[in-house]
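Got two chains here, separate frames each, mind docking them using the hints?
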Amino acid sequence: MRTWLLALALSLAITAPGWAVLPDEILDDPVLEARARALSQDIRCLVCQNENIDSSNADLARDLRILVRERLVAGDSDADVKAFLVVRYGDFVLFNPPMKLETLVLWFGPALIVLLGGGGVIAYYARRRRNPAAGPAPLNADERQRLERLLADTDTDAKVAEPRSR
Amino acid sequence: MAETMTSGMILRRRLVFLAPVALFGVLAGYFVWGLNPDRNPRDLPSVMIDQPVPEFALPPIEGMEGPGLSDADLRTGEVTLVNFFASWCVPCRLEHRYLLELAKDDKVHLYGVNYKNEPAEARAWLAELGNPYGRIGADATGRVGIDWGVYGLPETFIIDRTGRIRYRRVGQIDQVTLDREILPLLRELSK
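Protein sequences appear in the order of chains A and B. Note that the working numbering numbers the first sequence so that position 110 is 110, with each residue one more than the last. Note that the working numbering numbers the second sequence so that position 112 is 112, with each residue one more than the last.
Just so you know, the hints here were simulated from the structure itself, not pulled from any lab data. Remember, it's a predicted structure, so these values are computed and weren't measured experimentally. Virtual Cβ for every residue (Gly too), placed ideally from N, Cα, C. One or more of the hints may lead you astray.
[To be verified] Which chain A residues face chain B? A few, computed with CB under 10 Å, are given here:
{"id": "1", "residue": "CYS45"}
{"id": "2", "residue": "LEU46"}
{"id": "3", "residue": "ASP59"}
{"id": "4", "residue": "LEU60"}
{"id": "5", "residue": "GLY90"}
{"id": "6", "residue": "LEU101"}
{"id": "7", "residue": "VAL105"}
[Claimed, not checked] Label pairs and their computed distance ranges (CB to CB):
{"id": "8", "chain 1": "B", "residue 1": "PRO119", "chain 2": "A", "residue 2": "MET99", "range": "45 to 51 Å"}
{"id": "9", "chain 1": "A", "residue 1": "ARG130", "chain 2": "B", "residue 2": "VAL21", "range": "25 to 31 Å"}
{"id": "10", "chain 1": "B", "residue 1": "GLY130", "chain 2": "A", "residue 2": "LEU112", "range": "22 to 28 Å"}
{"id": "11", "chain 1": "A", "residue 1": "GLY120", "chain 2": "B", "residue 2": "ARG75", "range": "55 to 61 Å"}
{"id": "12", "chain 1": "B", "residue 1": "GLN51", "chain 2": "A", "residue 2": "GLU51", "range": "23 to 29 Å"}
{"id": "13", "chain 1": "B", "residue 1": "THR177", "chain 2": "A", "residue 2": "ARG128", "range": "54 to 60 Å"}
{"id": "14", "chain 1": "B", "residue 1": "LEU15", "chain 2": "A", "residue 2": "PRO138", "range": "26 to 32 Å"}
{"id": "15", "chain 1": "A", "residue 1": "ALA9", "chain 2": "B", "residue 2": "LEU15", "range": "55 to 61 Å"}
{"id": "16", "chain 1": "A", "residue 1": "PRO97", "chain 2": "B", "residue 2": "GLY29", "range": "23 to 29 Å"}
{"id": "17", "chain 1": "A", "residue 1": "PRO97", "chain 2": "B", "residue 2": "LEU129", "range": "49 to 55 Å"}
{"id": "18", "chain 1": "B", "residue 1": "ASP179", "chain 2": "A", "residue 2": "GLY75", "range": "47 to 53 Å"}
{"id": "19", "chain 1": "B", "residue 1": "VAL21", "chain 2": "A", "residue 2": "GLY120", "range": "15 to 21 Å"}
{"id": "20", "chain 1": "A", "residue 1": "GLY119", "chain 2": "B", "residue 2": "ARG161", "range": "51 to 57 Å"}
{"id": "21", "chain 1": "B", "residue 1": "ALA120", "chain 2": "A", "residue 2": "MET99", "range": "45 to 51 Å"}
Chain B extracted, bound-state conformation (with noise of 0.2 Å):
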C-alpha cells in the first residue's frame, strides 16, 4: 500500500493529522472568548451609543424639591451622566457609593432618572444614602427609559458635549469600571 502512495496522497494524509490541531485552535479561542469573567452574554450591543439623547422632559420626584430633567439639560455644552435608578433595584444600592464619590468632583455632572419607583420610596432612599444627583427626572411610567434602551437597572450613559451618547453601562458600577472606563473617558470627552 506505501509503495503506491504518490506524494499527493502523502500531503493530504499530513493534512488529516493537521486537523485535530486546527480544531483544538478554533475550540480554544472559542472558550477563551466565552469564558472570559468579564464578559456577560446578557449584554446587548447599544444601538444607542453615538446618538443624540433622546427628546424627554420628566418632573421631580414627587415632593422633592428641585427641577426635573429633560433632554434640554443634556445639551448645555457640558459633559453629563445620566443614571437610571430605582429604590427596588438592589444593585443600584451597591453602586451608589461610586456615584457619591464620583458627585464629589464639581465638574462631574450627575443626573439621575428614578425609574418606575413609588415617590414615598425615592425620596426614603436617597435620604438614607445621600443625593449624588444634580438633578432627577422621576420616569413614573416607564416610558423614557424605553425610549434610551433600557432594559435593566441600574444603567448608566455618558453624553458629550453636543448631546450624543457616548457611553453605556448596564449594570452596576464599581471600582474597576470608575477607574477603566468611566473617568478617563469623562477626562477625554472634557478636553
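Looking at chain A on its own, in the form it has when it is part of the complex (with noise of 0.2 Å):
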C-alpha cells in the first residue's frame, strides 16, 4: 500500500506543471512577483494561443512576462496591466473575456444549451407520464401471427445458412 502511494505520489510529482519563468525574471518583491504570477496566468500567449504566459516558452511570451512584471513594479494595479495589454491585443488576450455584448454568447451560450436540452428532456418525460399511452400500438392479432411466422422462418433460415457460410 506504501509502495503505491509513493508511486502515485511520484507520478503526480513528475506531471507537475512546468512553469516558463526563468530565474532572471522573477522579482525580488515576493508580493509582486505573486502578482505578476497570478496574474500571467491570465494572459494568453498569442503565439501559442491555448497557453498563458506564465507557461509558455515562446520569446514574446517571456517579453509579456518582463512586461507585466514592469508595469507592477511601475506602480500599476492588476485592471491597468489587463488594460495595457487589451489596448494592444483586445480581449483575446484575456482568458477570462469580459462580459459585454461581443462575449455574451460565449458567456451564456453554455447555459442557454442546457437550459434548451433539458426543457427538452423535461417535456419529453411530462408528456409520456401524461399520457402513458402513447407510443406504438399494441398489435393486434393478425399482427401477431405474422411476426410469430416470421421468427419461425428466420429460424430455419438460420439452421439452412449455417453449414453454408462454413
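So, in C-alpha cells, the structure goes:
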C-alpha cells in the first residue's frame, strides 16, 4: 500500500506543470512576484494561443512576462496591466474575457444549450407521464400471427444457412 | 391512431421532418465558413485598426547608414506602409520579393521595423536580398512590436495620411494580397 502511495505521489510530481518563468525574470519583491504570477495565468500567449504566458516558452510570452512585471513595479494595478494589454491585443489576450455584447454568447451560450436540452428532456418525460398510452399501438391478433411466422422463418433460414457459411 | 390526429398534430409532425433539413442548413453554413481555405483560424481581430500609430522612436540598425524610424515619420501627410521583419523569420524571406516590387514605385513609402534581430544578421540579410525600405527602425527589445500588437512576423500595416492604422496583415504578403488588398487600399487612401 505504501509503495503504491509513493508511486502515485512520484508520478504526480513528475507531471506537475513546468513553469516557464526564468530565474532572471523573477522580481525581488515576493508580493509583486505573486501578483505577476497570478496575472500571467490569465494572459494568453498570442503565439501559442492556448497557453498562458506563465507556462509558455515562446519569446513573446517572455517579453510579456517581463512587461507585466515592469508595469507592476511601476505601480500599475492588476486592472491597469490588463487594460494595457487589451489596448494592444484585444480581449483575446485575456483568458477571462470581459462580459459585453460581443462576448454574451461566450458567457451564456453553454447555459442556454443546457437549458434548451434540459427543457426538451423534461417536456418529453412530462408528456409521457400525462399520456402513458402514447407510443406504438399494441399488435392485433393478425399482426402477432405474422410476426410469429416471420420469427419461425428466420429460425429455419439460420439453420440452413449455417453450414453454408462455414 | 391516425384518425384521432388533429390538424395541429399533423403540422407538428411535419415540422419534425423539417428538423434534419434545418440542422443540415446550420451545419453546411458552419462548414462553408470553417473550411474556407482563406480563413486563418489563428488570425486575431486587430484592435489597432483605425487607431493612431503608437508613439515610438527607434534607432537605425547598428552599423547601417540612414535614419531610424519614429511615429513622426508616419504622420507626414503621406500614406505609408510599415513592415515588421527579421532575418530569422522564414516567411519574411518569402515575401521580400513582393516588398521589393512595391518599393519600385516611387510614390510608395515603405518603412521597416527590424524586430528582435542581431544587427549583423539583419545587415547581411538586407545585403543579400536587397533593401526595399525607405527607413528602418531596429526594435531590439520587441517593445515597439508589443505596442503595435505584433504577435507573429511578418506583419504589415498601412497608415493613412493622418497617421491612423487602416490595414493590418499578419503573415506573408503574396501577389494575391498585393493585388486584392494592399494596392487597392493604397490607391484609395492616396486619392
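We went through each hint and held it up to the structure:
For A/CYS45, the interface hint holds, the least distance from its beta-carbon to any beta-carbon of chain B being 9 Å, beneath 10 Å. Look at A/LEU46: its Cβ gets to within about 4 Å of chain B, closer than 10 Å, so that hint holds up. A cut of 10 Å between beta carbons decides the hint on A/ASP59: the least distance to chain B is about 7 Å, and the hint holds. Nearest Cβ of chain B to the Cβ of A/LEU60: about 6 Å, under the 10 Å cut. The hint holds.
For A/GLY90, the shortest C-beta to C-beta distance to chain B is roughly 4 Å, which falls under 10 Å, so the interface hint holds. Given the 10 Å rule on beta carbons, the hint for A/LEU101 is violated: about 14 Å separates it from the nearest Cβ of chain B. Below 10 Å, beta-carbon pairs count as interface contacts, and A/VAL105 has none with chain B, the closest being about 14 Å; its hint is therefore violated. A C-beta distance of roughly 46 Å is found between B/PRO119 and A/MET99, which places it inside the suggested range of 45 to 51 Å.
Judged by the Cβ atoms, the range 25 to 31 Å given for A/ARG130 and B/VAL21 holds: they are separated by roughly 29 Å. B/GLY130 and A/LEU112 have their C-beta atoms about 56 Å apart, which leaves the hinted 22 to 28 Å range violated. Roughly 59 Å separates the CB atoms of A/GLY120 and B/ARG75, a value that falls within the hinted 55 to 61 Å. A hinted range of 23 to 29 Å for the beta carbons of B/GLN51 and A/GLU51 is consistent with their spacing of about 27 Å.
Evaluation of the 54 to 60 Å hint for B/THR177 and A/ARG128 yields a pass: the beta carbon distance comes to about 59 Å. The given range of 26 to 32 Å is respected by B/LEU15 and A/PRO138, whose C-beta atoms sit roughly 28 Å from each other. At roughly 58 Å, the beta carbons of A/ALA9 and B/LEU15 sit within the given window of 55 to 61 Å. Between A/PRO97 and B/GLY29 the Cβ separation comes to about 24 Å, which falls inside the hinted range of 23 to 29 Å.
About 41 Å separates the C-beta atoms of A/PRO97 and B/LEU129, a value inconsistent with the hinted range of 49 to 55 Å. The beta-carbon spacing between B/ASP179 and A/GLY75, approximately 49 Å, falls within the hinted interval of 47 to 53 Å. Roughly 19 Å separates the CB atoms of B/VAL21 and A/GLY120, a value that falls within the hinted 15 to 21 Å. Range check, A/GLY119 to B/ARG161: about 56 Å between beta-carbon atoms, so the 51 to 57 Å window is met.
Distance hint check for B/ALA120 and A/MET99: the Cβ-Cβ separation is about 49 Å, which falls inside the suggested range of 45 to 51 Å.
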